[in-house]
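Hints are included, so try docking the two chains, each in its own frame, into the full complex.
Chains as they are written, first to last, in the numbering used here: chain A, 1 to 176; chain B, 1 to 212.
The hints are simulated quantities; they were obtained by calculation from the structure and are not laboratory data.
The structure displayed is predicted, hence computed values, not measured ones.
Only true hints are included.
Where chain B lies over chain A, by a calculated footprint (3+ residues, C-beta under 8 Å): (1) 31-37; (2) 41-55; (3) 114-126; (4) 154-166.
Calculated cross-link-like contacts (lysine to any residue; reagent style SDA-like; alpha-carbon spacing at most 20 Å): (5) B:59 / A:31; (6) B:38 / B:103; (7) B:159 / A:120; (8) A:149 / B:115.
Even glycine gets a Cβ: it sits at the ideal position worked out from N, Cα and C.
Letter by letter, the chains look like this.
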Amino acid sequence: MNGIMGFISLWALPFIILLILTMGLFKRVPLYETFTDGAKDGFKVAVNIIPYLVAIIVAISMFRASGIIESMENLFAPVLSRFNVPADTIPLMIVRSLSGSAALGVFSDIANTLGPDDYATKLSAVMVGSSETTFYVLAVYFGAVGISKLRYALLVGLLADFIGIISAIAVCNWMF
Amino acid sequence: MNYIFYFLIVISIIAGAINGKLTDVVNSILMGAELSVKVAFSLIGIMAFWLGMMKIAEKCGLVEIIAKIIKPVTKRLFNEIPNDSPATGDIAMSFSANALGLTNAATPIGIKAMEEMQKYNVDKTSASNAMCMFLAMNTAGFQLIPATVIAVLISIGYKNPTEIIAPTLVVTTIAFLSAIIISKIFQKLWTPQKPAETTAKKEKEEKVEVSA
Chain A
1 MNGIMGFISL WALPFIILLI LTMGLFKRVP LYETFTDGAK DGFKVAVNII PYLVAIIVAI
61 SMFRASGIIE SMENLFAPVL SRFNVPADTI PLMIVRSLSG SAALGVFSDI ANTLGPDDYA
121 TKLSAVMVGS SETTFYVLAV YFGAVGISKL RYALLVGLLA DFIGIISAIA VCNWMF
Chain B
1 MNYIFYFLIV ISIIAGAING KLTDVVNSIL MGAELSVKVA FSLIGIMAFW LGMMKIAEKC
61 GLVEIIAKII KPVTKRLFNE IPNDSPATGD IAMSFSANAL GLTNAATPIG IKAMEEMQKY
121 NVDKTSASNA MCMFLAMNTA GFQLIPATVI AVLISIGYKN PTEIIAPTLV VTTIAFLSAI
181 IISKIFQKLW TPQKPAETTA KKEKEEKVEV SA
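Only chain B is shown next, with the shape it has when bound in the complex (with noise of 0.2 Å):
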């Protein structure tokens, strides 16, 4: 994230440069900011508003419920997490929503997957692998009907704007399975998270070893 963050920035300063558009992008970063807070605030009321139903779907073991039904899924994907757990009613929920594109409904549920997964993190300050897992599932962005997209074919006048829904659920579901696969591969691959203690305490070690 660090480098994408540094050459994001630097690549742009350097293409508006040779574009001759530096003033578009010292301006963007007033909008940008802007639009950031826009967001944030924008999902307040609604995050308000989930946050308590899923409070109330958890105290009355709807969640757990939930968690029960697709456990054999979960089992698989999540290893980190135990199968009576909050979060894995709350991941099974957000997917549903997300399927059915309630956006607004799947962001402040998966949210709250995240917190009760940061539970069960070594490491609270790097993404667990039932994190990356989740939220490669996510970025996949798997949706039964692809609302926003047929509401604009029906204003250019499209004849049957129903025919994208199923190339669109091929693609999605390639991408959905693909974001598994890849985070599997990954998760044998990549170094794995240190338990925050042990590292502080090896930096600690290497602190006395230099000054010695």
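Just chain A, with the same shape it has in the complex (with noise of 0.2 Å):
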């Protein structure tokens, strides 16, 4: 099992590449014109992101250094106990949605304290390995092709992340 994952996490890149490179050869694509002509957009989308990541990025680390994040951990702790859920997760289950970085810094931090046999070690390994920062994929996304007007989008994408949250809290209370 071990094995066969990190072959494929291995081989996964290499063999796109190949495979594009070689088809484009078999079917006479300029390779170089063509690789070229498409990488020029690079920096122009790159560029395009920068003021939605600098509205959503810059809310966020407000939102993280205003310390609401722990009066939450207060708030919810004595209703999450009665399911069997750390207090220690908690922080997690917020900044998951909101900063990648955060939730795996939040998670190492879990880890290395309380040790490799916790069920919050568990529990948040779930919860950040299941889940993809909503608000950077959002705003990256939508702010390479211009869009501000969100619609129903972000809602979606809380709504996934909360029944996630409540499914890795059930899964793991089964597995582990």
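Listed below in structure tokens is the structure:
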């Protein structure tokens, strides 16, 4: 199992690149010219994203710095302890949708302080592994095409995150 | 988004004042702004690489082939997008990259998919149903191997780190499927997009009425 997984993650990228280039050569696509032609847009797209990223990342940095996540921890702890959820994992549930690097930081912190045998380590591992940073994804993808009216996209993302948290709690309770 | 942007900032300032962390909050503005530019600039190189690769993939017909393979699925999920459009192939390639944990490739290809979908969007400033579906599926973060998490677990001496894969896969699949279902429901409930020209016309008409 471990070997197969390792093989897939090692070979996935080289395989895709080989496939694209070989097929291009076979179909007589001018590889170098086509590549540089497509790559030209890299800078433009990255720069287009900046205003959207600044709006989202600044707002989220302020939110995290304000200490409100710690206050929410105290608020939710009594309710969640009934469902066998350790209080240490509460900041993770909130931060998981907001910032990927912060979520990984919180998770490493839990893992290092509580150790490999603690239930909180397992639960937070599943929560981090099964999530994508909703706010970042929306900022980057909508930013790249200049869309500022998100309609229901954010709501769906957050609802799915919420369902993800609940199923993580349920699955971990059952498996560990 | 207007309200969320407003409330995130206002709540941060109020909570910062109550918790005595107002200096931290103010400093975080600069740090956040700097980080955004760093993130964007660190994307330039890898974005250029994958946009170049995807251009070759498109020209040699690979994207089209992939689009054809997953047509039965995308036909239902993205009904605004014509089946033979490169958008379908880009969407499929972006998800494959995501599922394999190739985040560096998934983001540029995903952005390319967004650009293709934008061509079929009736109002270029607002998100189409197809885009909302695509992003809902993306934010659910479907991934076969949570590589970073396993790396952390190994570093703390976790005995059997791969035991985390199965529960993670179950959770991410549930989140992924519910994201699709919720998007489908909202597609019907939400006010449909208006084509950009008609809204502009309506605004003009309203202005005329007001001035009259």
